[in-house]
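Given only the sequences and the hints, what does the whole structure look like? Please build it.
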Amino acid sequence: MTSITKRHMKEHDFNPESLMMTYGYKPELSEGAIKCPIFQTSTFVFKTAEEGKAFFELAYGLREKSPKEELGLIYSRINNPNLEILENRLCLWDKADDCAVFESGMSAISTVLLEFLKPGDLLVYSNPLYGGTDHFIHHFLDKIGVHTIGVMPDQRMDEVTQMIKDSGKADKLAMIFMETPANPTNDIVDIESFSQIAKQFSTDEKKVLVAVDNTYMGPLWQHPLQCGADLVMYSATKYIGGHSDLIAGAVLGNAELMIRVKTLRTFLGNMVSPHTAWLLLRSLETLKIRMDQQTQNAQVVANYLNNHSKVENVYYLGLLEEGTEAHIIYKKQCSAPGAMVSFDIVGGEKEAFAFLNNLKLMKLAVSLGGTESLAEHPKTMTHAGVDLGQMQQMNITDQLVRLSIGVENAKDLIWDLEQALSKIEIGATLELTEV
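Under numbering that gives the first Met the number 0, the first residue of the sequence shown carries the number 0, and numbering increases by one thereafter.
It should be emphasised that the hints constitute simulated quantities derived from the structure, not laboratory data.
You can trust all of the hints, since none of them are fake.
Calculated pairs, DSS-like style, for lysine-lysine (alpha carbon to alpha carbon, straight line, at most 27 angstroms):
(1) Lys52 x Lys25
(2) Lys46 x Lys25
(3) Lys206 x Lys171
(4) Lys164 x Lys206
Restraint-style ranges between C-beta atoms, simulated for each label pair:
(5) Trp414 x Asp291: 14 to 24 angstroms
(6) Ile148 x Ser17: 41 to 51 angstroms
(7) His326 x Lys117: 34 to 44 angstroms
(8) Trp414 x Lys117: 51 to 61 angstroms
(9) Gln295 x Asn356: 21 to 31 angstroms
(10) Ser17 x Ser192: 30 to 40 angstroms
(11) Asp397 x Lys331: 32 to 42 angstroms
(12) Asn312 x Glu10: 49 to 59 angstroms
(13) Arg76 x Ser192: 34 to 44 angstroms
Built from N, CA and C at the ideal position, the CB exists for glycine as well.
Below is the structure:
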């Protein structure tokens, strides 16, 4: 029996979760193994010198592919069966033409920014961003002469447009970069509206690209390419990997853009290894089951925290007030509220640390999207490198705690939260403050 291919998909409209076990893999090419083996090899043998020549012509863009021609296996820095099958399966979730998998999420993001931005260009980006992305934009792109404008989630589109015009560099706008929902506050921005701004500043000679970091929602709960984005990026370490045992990243988009991404990846050499690709293939088989359970648990946790006396504010998409602009955007571009819950604890760093130090089931660690629930303090951990004034503007405070909700029993998670919160002595802190 052969693998399910695009031809079979035309005969029946399979859902992505039904294809994660078989799509793109042919058991007869691997001794009938039901699961794809790890192709732990650096290079591949050509049948003839002519075949090797043809493969390299395609790999280096020396000619166009002829109908039905595929790039053959050359060298694992360029392609590898585990890598190719993984990229084919990831495309199904976002309905993308092509995908490139990298050795980390930051590797994926930095490759995109390096490929599509040059000195003198203007980058518009949403706030807040993951700390690593924020650092790359402010400390590396600035160093090579890329101009940047940061916008806040509550800014109107006409304000953003005016900021671009007032910069004097509107003709140099090359990309709008968004992370939505944002890490760690769950602020949400309208992908479609930003894509309209990109069109407004595009010309026949130059298209302004829209790139979205979709890590917080994974490939299940939001599909930026269907909302007007040109590129979608992931830290595949998170929900895609899902077991906290690998580091990887991914970029997806149309064929024309992905050729450029993959070409730069070839020469930077930051592709994922065959073993990591194999682990990701394993993880994709349970992606929907895991993420369904995680968002169910997160909704229970968010509701519990929202009614707790030692919690001031809960930042979760499922708690957005109906009729607000944020809620309208959420309902338009998301299919679920996700599994990331942030909240302000009553008090400050001392109370936040006391809560974190007393957790029993949840683990005190950075990262997110794994099967286990994790908790961390963004201001002093994941976003420690962000400018203090900028952190304050983005509501990343001493009070803020971030939770990544896993697949445990929700009742056990609530027990853990309750006992950890009970250890915090709010009254004593308030009395000292009043004195």
